[in-house]
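**Q** Read top to bottom, the protein sequences are chains A and B.
Mapping of the first sequence onto the numbering used here: residues 343 to 742, in sequence order.
Mapping of the second sequence onto the numbering used here: residues 53 to 428, in sequence order.
These aren't lab readings, by the way, just hints derived from the structure by calculation.
Incorrect hints may appear among the rest.
Unchecked claim - Pairs of lysine-lysine residues, derived as BS3-like cross-links and limited to a Cα-Cα distance of at most 27 Å, are as follows:
id : chain 1 : residue 1 : chain 2 : residue 2
1  : A       : 714       : A       : 373
2  : A       : 581       : A       : 737
3  : B       : 89        : A       : 636
4  : B       : 249       : A       : 732
5  : B       : 380       : B       : 365
6  : A       : 372       : A       : 605
7  : B       : 380       : A       : 605
8  : A       : 732       : A       : 581
9  : B       : 316       : A       : 732
10 : B       : 249       : A       : 627
11 : A       : 605       : A       : 581
12 : A       : 627       : A       : 605
13 : A       : 390       : A       : 372
14 : B       : 265       : B       : 194
15 : A       : 452       : A       : 437
16 : B       : 80        : A       : 543
17 : A       : 390       : A       : 575
18 : A       : 627       : B       : 380
19 : B       : 316       : A       : 483
20 : B       : 249       : B       : 194
21 : B       : 380       : A       : 714
22 : A       : 714       : B       : 89
23 : B       : 316       : A       : 373
24 : A       : 714       : B       : 310
25 : B       : 265       : A       : 737
26 : B       : 194       : A       : 732
27 : A       : 543       : A       : 452
28 : A       : 714       : B       : 265
29 : A       : 737       : A       : 714
30 : B       : 249       : A       : 372
Given next are the chains, with one letter for each unit.
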Amino acid sequence: MDIIFSAEELAFQQEVRTFLKEKYPDDIRKKQDSGISLSRDDMIRWQKILYEQGWAAVNWPVENGGTGWSPIQRYIFENEIGAANAPEFLPFGVKMIGPIIYTFGNDEQKRRFLPDILSSDVWWCQGYSEPGSGSDLASLKTKAERQGDHYLVNGTKTWTTLAQYADWIFCLVRTSSDVARRQEGISFLLIDMQTPGVSVKPIITIDGVQEINEVHFENVEVPLENLVGEEGKGWTYGKVLLEHERTNMATVARSEYRLNRLKEQAGQSVHGGPPCMDDPNFARKVAAAEIELKALEYTQLRTLAAVAVGKAPGPESSILKIKGTLVQQMLDELLLEAAGYYALPYVPDQYDLEFPNSERIGHGAETRSSLKYFNNRKASIYGGSNEIQKNVVAKHVLGL
Amino acid sequence: MNFSLSEEQSMLADSIARFIDNDYGFEKRQEIAESEKGYSPELWRTYAELGWTAVPFAEDDGGLGGGPIELMLMMEQFGRGLVVEPFLATIVLAGGVLQRAASAPQKEQWLSGIIEGSIQAALAFSEPQGRFEISDIATSAKANGDKYILNGHKNLVLNGANDDLLIIPARTSGSQSDQSGITLFAVAADSAGIERKCYATVDAHHAADITLKDVQVDAAAVLGEVGQGFATLQAVIDEATFAVCAEAVGIMRTMHDKTVEYSKNRVQFGVPIGTFQALQHRMVDTLMACEQTYSLLLWTAMLNTANDPDARKAISALKYQIGTAGRKVAQEAVQIHGAMGVTWELDIAHYFKRFTAIELLFGNADFHLNRYIELS
Ligand SMILES: Cc1cc2nc3c(=O)[nH]c(=O)nc-3n(C[C@H](O)[C@H](O)[C@H](O)COP(=O)(O)OP(=O)(O)OC[C@H]3O[C@@H](n4cnc5c(N)ncnc54)[C@H](O)[C@@H]3O)c2cc1C
Chain A
343 MDIIFSAEEL AFQQEVRTFL KEKYPDDIRK KQDSGISLSR DDMIRWQKIL
393 YEQGWAAVNW PVENGGTGWS PIQRYIFENE IGAANAPEFL PFGVKMIGPI
443 IYTFGNDEQK RRFLPDILSS DVWWCQGYSE PGSGSDLASL KTKAERQGDH
493 YLVNGTKTWT TLAQYADWIF CLVRTSSDVA RRQEGISFLL IDMQTPGVSV
543 KPIITIDGVQ EINEVHFENV EVPLENLVGE EGKGWTYGKV LLEHERTNMA
593 TVARSEYRLN RLKEQAGQSV HGGPPCMDDP NFARKVAAAE IELKALEYTQ
643 LRTLAAVAVG KAPGPESSIL KIKGTLVQQM LDELLLEAAG YYALPYVPDQ
693 YDLEFPNSER IGHGAETRSS LKYFNNRKAS IYGGSNEIQK NVVAKHVLGL
Chain B
53 MNFSLSEEQS MLADSIARFI DNDYGFEKRQ EIAESEKGYS PELWRTYAEL
103 GWTAVPFAED DGGLGGGPIE LMLMMEQFGR GLVVEPFLAT IVLAGGVLQR
153 AASAPQKEQW LSGIIEGSIQ AALAFSEPQG RFEISDIATS AKANGDKYIL
203 NGHKNLVLNG ANDDLLIIPA RTSGSQSDQS GITLFAVAAD SAGIERKCYA
253 TVDAHHAADI TLKDVQVDAA AVLGEVGQGF ATLQAVIDEA TFAVCAEAVG
303 IMRTMHDKTV EYSKNRVQFG VPIGTFQALQ HRMVDTLMAC EQTYSLLLWT
353 AMLNTANDPD ARKAISALKY QIGTAGRKVA QEAVQIHGAM GVTWELDIAH
403 YFKRFTAIEL LFGNADFHLN RYIELS
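Chain A extracted, bound-state conformation (with noise of 0.2 Å):
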C-alpha cells in the first residue's frame, strides 16, 4: 500500500508547477490571495491562459478536446491549481454543459457549442432551480411549448450564478405535463440570453455582491434545434450533471492553502499581539481541521484509486461533497475568529488592488474572513444541499 506517483505523474506534476510558475498571471494571484473578486475579465483572461495550454477542459476526452488525461492527472493538475490558490475553471462551461452536449447533443451542436466553451469565447450559466422548485428539482414549472419551427419558453429561473455575463444558458424546462412520472416531462433546452424575452435580474448575495441572478422568460422564442437529446429525457441528462457536480466539489488541496494560511496568519503576531495559536482552545480547533482534511484528503484518494483502474468509486465518493464543505466551514470560521475584530469592517471599495494601503483598515484578507464565512454559508446549500446528499447516501448507500 502506497500513494507514490510514478515517474511519469512525477514529471507531469513538474509540468504543472512550472506553467503556474510562469503563466498564473501576478495581478490575478495578487487578487486571489488577498481573497478580492476576480472581474469577469480577469477569469476569462486566465481560462483563454489554460485554454492556449491545451488544459481548458481536463475531464473532457481528446476527440472533443479535451486533455483525456487520466484520473491520477486530473487528481494531480486540479491539487496543483488549489495548492496554488489559482482560479477554478468556471465549471458551467466545461464542467457542465460541455459533457452534455458530447454525450447527448447531435452534431451539429458539438460544432457549434463546444469550440467557444474550450476557448471561453461563450460564457455559459445554468438555469435549473426556480423559486418553486429547489431540492425537489422534478417540479419545476418553466415551460416550453412546441410551437412550427421554435419553443415558447415562459417561466422563471433564479439563484443563476453569474447569468448577468453569460451569453447562453442551459435549462431544465417543461415539455409536457402529461406524462406518468413528472420527471418524464421535462427537457434539456440552450438558450440565447439575447433571445428577446430573456432579463435578467440581480439577487444580491448576503455579503453584499450581486452573485446569482433571477432569470426571466416571457415569450422566448428557441429554436427546436436547441434541444439536447430527446424530448422528455432532460431529466436523465441532467441527473448525470448533477453527480458529475457531486464528485467535483472536495476542494481538498484548495482548503489544505486555506488551512496553511491559517496556520501562518495565527501563528504569528498580526498587529502586535500574541498570536492565536497561543491560546490553546484555537489551536486544538485548527488542529481538529487539519484531522478532518487529512481524512478527506485519502478519502479522496481511495476514491481515485478506484476510479484509476476502472472500477466504480464506492460509497465513499458520496461524502465528498458533504465532508469537503463541512471542511471549507470549519474552515471560514476559524479564519474569523483568528482575525478578531478586523473581520467586521464593511468596506468594499478596499477589496481593490488600487486603494490607497494607507487608508485600509485591517491586513490582507482579514476583513474579507467574514464575508467569506458569510458568503460560503452557500457551500451546504448549493449542488444539491447537504440534507439531500445525506438523503441520497441513505437511500443508495445504505439501501433505506
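With chain A's structure known, arrange chain B with the ligand on it following the hints.
**A** The following block gives chain B with the ligand in isolation, referenced to the frame of chain A:
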C-alpha cells in the same frame, strides 16, 4: 422562586416591542442602516423622549435607575428588531463610564446631554494588538503642565464617527498590559490631532479606527482617578458584554422562530419541509439551544443584579454559550432557509451578520471560556 417581571419592567419591554412591531419593520431598518449616518437621529430623539436613553442611569443623574434586568429586556428587543441606533456605544459604553467615573461637572457636561439624546458618544475600548484584552493599552498620555498629550491607535471604536465625545483609555504609567496606570479621558471629538477612518461594519453598525497624534487635553478631562481607570473600564465592558448577549438572545430566538415558520410554509416534494424529520430534529436542537441560552441569560441577570461574587463568571459563561450554541442556531437558520438564507433581501442574513459581530464583540467564545476558568 420568581421569574416574573415587575409591572414597570413589563411595560418597558412591551413599549419597545410595540415600537419594533409598528415602527421598525425590516424595510425601515434597512433604509435607516443604508442612510448616511447609519442610524436615525430622529428616532434617537424618540428613544430619548420615551425615556429609553435614561433607563440604565441612576435617578440622581437624571436616569430611571434601571439595572441588569431592564438592560436585558431592552437589548433583547433591540436584537429582535435589529436596531442600529447606537444604544450600546452611547448609552451602555460611554454612558456607563461617565456614570461610574465622572465628577458632577463632567456629568453635567456630558451625561445630561446623553440622557436627553443631544450628545452622541463612544468608548475606545480596543487597540489593534490587544485582540480582546482591554487592559492591553499602548496609547500613552503624558502629563505636560496641566495638560495631557495623547498618542496612540484605537480600532473598532463603535459610533466613533460621532461629533461629540470620545472616551479614550490611555496609559499614564505602567507597561502595556498592566491593569494599573490606565486613565480614562473625555475627549471632544473635534480635538486637534484626532484622525478617524470611519466605516460601516458587516452588521450595518458604524465604527472608526482612530489615530491620536499629540492630542492635548486638559486635566479636567480625566474621568475618575489618574491611573485607576481599569476597574471602571472592566465593569463597563462586562455590562456591555451582558448587553450584547441579551441582544444575541433576541436574535437567536427570532431566527429560530422565523425558521420554524418558514419550514411550515416552504413546500418541496409536495410537503412543507418542516415535515422532514431530518429538519425537525435540528429545529428541536435549536429550540433547546435558545432555551438553555435564555436560562443562562436570566441567571446572569440575577447574579449581576445581586452583585454576586460570581457575576462576572456568569457573563463569561453566557458569552461562551452565545458563541457556541448560539452560532449553531444562527447557522441552522440560514441552512434551513436554503438559498433564500444567503440573500441580502431576506432579514435572516442580517440577523446572521449582527449575530456574528456580537460573537466577536468583547471577546469570542474561546476568550470567555478561558476567563470562566480563571474566575472559577
Ligand atoms: C450561491 C448560490 C448559487 C447557486 N447557483 C445556482 C445556479 O447557477 N443554477 C441553479 O440552477 N441553481 C443554483 N443555486 C440553487 C441551489 O441549487 C439551490 O439553492 C438548492 O438546490 C436548494 O434549493 P432551495 O434553495 O430552494 O432550498 P429548499 O429546497 O427550499 O430547501 C430548504 C432547506 O430544506 C432542506 N430540505 C429540502 N428537502 C429536504 C428533504 N427531503 N429532507 C431534508 N431536508 C430537506 C434543504 O436541505 C434546505 O436546508 C444556487 C444556490 C446558491 C445559494
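**Q** Work down the list of hints and note, for each, if the structure agrees.
**A** Structure-based check of each hint:
1. The straight-line distance between the Cα atoms of residue 714 of chain A and residue 373 of chain A is roughly 14 Å, inside the 27 Å bound, and the hint therefore holds.
2. A hinted pair counts as satisfied when its Cα atoms are at most 27 Å apart, and residue 581 of chain A with residue 737 of chain A qualifies at roughly 16 Å.
3. Note on residue 89 of chain B and residue 636 of chain A: the hinted pairing is violated, with a Cα-Cα distance of about 48 Å set against a maximum of 27 Å.
4. Proposed proximity of residue 249 of chain B and residue 732 of chain A is contradicted: the alpha carbons are some 47 Å apart, above 27 Å.
5. Proximity of residue 380 of chain B to residue 365 of chain B is assessed by CA-CA distance (about 23 Å); at most 27 Å being required, the pair is judged to hold.
6. With a C-alpha separation of about 20 Å, the suggested pairing of residue 372 of chain A with residue 605 of chain A holds against the 27 Å cut-off.
7. Of the pairs offered as hints, the one joining residue 380 of chain B and residue 605 of chain A holds, with about 24 Å between alpha carbons and a cut-off of 27 Å not exceeded.
8. For the given pair, residue 732 of chain A sits about 17 Å from residue 581 of chain A by alpha-carbon distance, which is consistent with the 27 Å threshold.
9. For the suggested pair residue 316 of chain B and residue 732 of chain A, the alpha carbons sit about 21 Å apart, so the restraint of at most 27 Å is met.
10. Among the hinted pairs, residue 249 of chain B with residue 627 of chain A is inconsistent with the structure: their alpha-carbon atoms are about 33 Å apart, more than 27 Å.
11. Proposed proximity of residue 605 of chain A and residue 581 of chain A is contradicted: the alpha carbons are some 39 Å apart, above 27 Å.
12. Under the criterion of a C-alpha separation no larger than 27 Å, the hint pairing residue 627 of chain A with residue 605 of chain A is consistent with the structure, at around 11 Å.
13. Among the hinted pairs, residue 390 of chain A with residue 372 of chain A is consistent with the structure: their alpha-carbon atoms are about 19 Å apart, no more than 27 Å.
14. With a CA separation close to 12 Å, the supplied pair residue 265 of chain B and residue 194 of chain B stays within the 27 Å bound.
15. With a CA separation close to 15 Å, the supplied pair residue 452 of chain A and residue 437 of chain A stays within the 27 Å bound.
16. For the proposed pair residue 80 of chain B and residue 543 of chain A, the alpha carbon gap of about 23 Å is at most 27 Å, so the pair holds.
17. Note on residue 390 of chain A and residue 575 of chain A: the hinted pairing is violated, with a Cα-Cα distance of about 33 Å set against a maximum of 27 Å.
18. Annotation: proposed proximity of residue 627 of chain A to residue 380 of chain B holds, straight-line Cα distance about 16 Å (limit 27 Å).
19. Under the criterion of a C-alpha separation no larger than 27 Å, the hint pairing residue 316 of chain B with residue 483 of chain A is consistent with the structure, at around 22 Å.
20. A distance of roughly 24 Å separates the Cα atoms of residue 249 of chain B and residue 194 of chain B; the hinted pair therefore holds under the 27 Å criterion.
21. For the hint linking residue 380 of chain B to residue 714 of chain A, the alpha-carbon distance of about 17 Å falls within 27 Å, and the restraint holds.
22. Only pairs whose Cα atoms come within 27 Å are accepted, and residue 714 of chain A paired with residue 89 of chain B is accepted, the gap being roughly 26 Å.
23. For the hint linking residue 316 of chain B to residue 373 of chain A, the alpha-carbon distance of about 43 Å lies beyond 27 Å, and the restraint is violated.
24. The suggested pairing of residue 714 of chain A with residue 310 of chain B holds, with an alpha-carbon distance near 24 Å, which does not exceed 27 Å.
25. Distance check on the hinted pair: residue 265 of chain B and residue 737 of chain A sit about 66 Å apart at the alpha-carbon level, beyond 27 Å; violated.
26. This hinted pair does not check out: residue 194 of chain B and residue 732 of chain A have alpha carbons roughly 63 Å apart, beyond 27 Å.
27. Note on residue 543 of chain A and residue 452 of chain A: the hinted pairing is violated, with a Cα-Cα distance of about 30 Å set against a maximum of 27 Å.
28. The suggested pairing of residue 714 of chain A with residue 265 of chain B is violated, with an alpha-carbon distance near 34 Å, which exceeds 27 Å.
29. As the CA atoms of residue 737 of chain A and residue 714 of chain A are separated by approximately 33 Å, the hinted pair breaks the 27 Å bound.
30. A distance of roughly 25 Å separates the Cα atoms of residue 249 of chain B and residue 372 of chain A; the hinted pair therefore holds under the 27 Å criterion.
Of the numbered hints stated above, those contradicted by the structure are hints 3, 4, 10, 11, 17, 23, 25, 26, 27, 28, 29, listed in ascending order.
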